[in-house]
Amino acid sequence: MLVKKGKSTYLYQSFREEGVVRTKYHGQLTPQQIHEHHKRKEEQALRQQHYQQMTALLGALDEVRAVHELIVRAGLLINNQYVRRSEIRSIKHG
Amino acid sequence: MANVMMGLHDTLPGLQQLVEGAECHRDAHSVDVLKKYVGLHLGDLLPLTSTMTQGIFEQIITSLGAGDEEAKSLVRQKYTALWEIFIRENTSGIVGLLLAKEIVVSALLLELSTAKLVKFFPYAGSKEGRLMESLQGRYLKSLKMFQKLNGRLPPMAVNLTQINVETVTKGQQPFG
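Residue numbers (the working numbering), protein chains in the order written: chain W, 1 to 94; chain F, 1001 to 1176.
Just chain F, with the same shape it has in the complex (with noise of 0.2 Å):
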């Protein structure tokens, strides 16, 4: 992970530079310079963050299967499952996949927290409570995102559990 932001390092900057300039003047021009930025510096951009969220839900799938490999294939399928949901409904291309992977490893996430919460219920304080309201916090913003940029829902979102995971065939592209 700290190479990978070592990496995002030098090319972030630049980009974040132009993307403030160009918000602030809304010109032409400004889009412009930051249309040929993003076309030089997606390709390395996005493999980068992809390997940094791939991590991250290979590590939460890990603790959640806490070494049961039936289990952990079981959160890999439910999740593959939503992953799958928001592509089908995803119409605003590469910055609807974006979200739809922080949507679906805050989600993830999120049930790690709450299986820990349960299991260390009679000693949870106010700082666990502040944990999962971040979380919640995370998911939804990024859940209100990918409805504005999509103009409506997966239908799932309502509730993770209705996910039927034997609905998951092969060939469907996987997570990351």
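In isolation and in its complexed conformation, chain W is listed as follows (with noise of 0.2 Å):
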């Protein structure tokens, strides 16, 4: 975390130690210490975003093919045939 006090930026850490949380002082930073903890974490909050984009793509992917799974199968088993172990088998009416 950055702190401003006056016109110096600080930077702090915080971190829990045995369930206690605490802050280590890292020192004052230079203006281009500045701008790369900005840029660093406006890319991590980039990727946090593009991260929960992708797996919300998934989810929806993974509803649809649950629906087409079962016409899938149902589709099979008009034809004859049913997987198993994600083998295509015929069957066999006695």
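Don't read these hints as lab results, they were simulated from the structure. Watch out, some of these pointers could steer you wrong.
No more than 30 Å apart at the CA atoms, straight line, and that leaves these computed lysine-lysine pairs for DSBU-like [said to hold, decoys possible]: (1) K1036(F) with K1141(F); (2) K1119(F) with K1141(F); (3) K92(W) with K1141(F); (4) K1119(F) with K1035(F); (5) K1072(F) with K1141(F); (6) K5(W) with K24(W); (7) K1072(F) with K1119(F); (8) K1035(F) with K92(W); (9) K41(W) with K92(W); (10) K1036(F) with K1144(F); (11) K1127(F) with K1072(F); (12) K7(W) with K41(W); (13) K39(W) with K1072(F); (14) K41(W) with K1127(F); (15) K24(W) with K41(W); (16) K1144(F) with K1127(F); (17) K39(W) with K1127(F); (18) K1127(F) with K24(W); (19) K1144(F) with K1078(F); (20) K1144(F) with K39(W); (21) K4(W) with K39(W); (22) K1078(F) with K1148(F); (23) K1127(F) with K1141(F); (24) K39(W) with K92(W); (25) K92(W) with K1036(F); (26) K5(W) with K39(W); (27) K1148(F) with K92(W); (28) K1148(F) with K1036(F); (29) K1078(F) with K92(W); (30) K1148(F) with K1035(F); (31) K1119(F) with K1078(F); (32) K41(W) with K1119(F); (33) K7(W) with K24(W).
Restraint ranges, calculated between C-beta atoms of paired labels, are given here [to be verified]: (34) G59(W) with L1040(F): 24 to 32 Å; (35) G59(W) with P1122(F): 25 to 33 Å; (36) Q53(W) with S1126(F): 13 to 21 Å; (37) L1046(F) with S14(W): 51 to 59 Å; (38) R40(W) with G1129(F): 18 to 26 Å; (39) P1122(F) with I88(W): 42 to 50 Å; (40) R22(W) with E1020(F): 51 to 59 Å.
Idealized CB from N, CA, C, for every residue including glycine.
Got two chains here, each in a separate frame; can you build the complex from them with the hints?
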């Protein structure tokens, strides 16, 4: 976390030690380091946003796949076939 | 998408029960009952799944294009060409078409995920790795099932980048 005091900016890092939240002081940052810190934070937020978008799309694809799978299994049965252990087998009526 | 799923929820449990019953008993009676049910409800199910697939397809195209209409058009052409190849190779009717849709959407999602992984590579962790694995698994599963149904794979399945979008001609069936 960056803390601005007057014209200077300082970096602190929070962490949990034996259940207690502690804050460590890392020192004053140069303008270049401040810029890099903000850039990194922005990229991490973007990455998180993209990851959420991908998982949402994957979830939507899985919903479609579940319906398709059922229709595929029904279609195979109508043609006297069925899926077992990922293999298509023929039904032998007795 | 939520409305579509609501519609499906009315029909799917019945279908699932009949499919599981027919797979378990594997007798003529169970298959006949299933055949009648499918005959009555397939007309409702197919447009709904088609809407869902089309929705995902458009969403991914929009993300991949990132506001660039030309890029979007190019991606659309590439995947429409892929879709056309699967339609040509499909000999197993509606079952094959559904799998072809899955393959195209999975491939598209894999491309989007790869693009994002490249972009955020310095920050990519195990979460991203697992996501890529899941996507690849789904793509290959659909592809293998299509292969089993049709006995062979379209030749382009080896390399998506080999698809020549210039070969897409007017009047071809659009994806969806």
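Checklist entry - Which numbered hints turn out to be false for this structure? => result Failing hints, ascending: 4, 9, 20, 24, 29.
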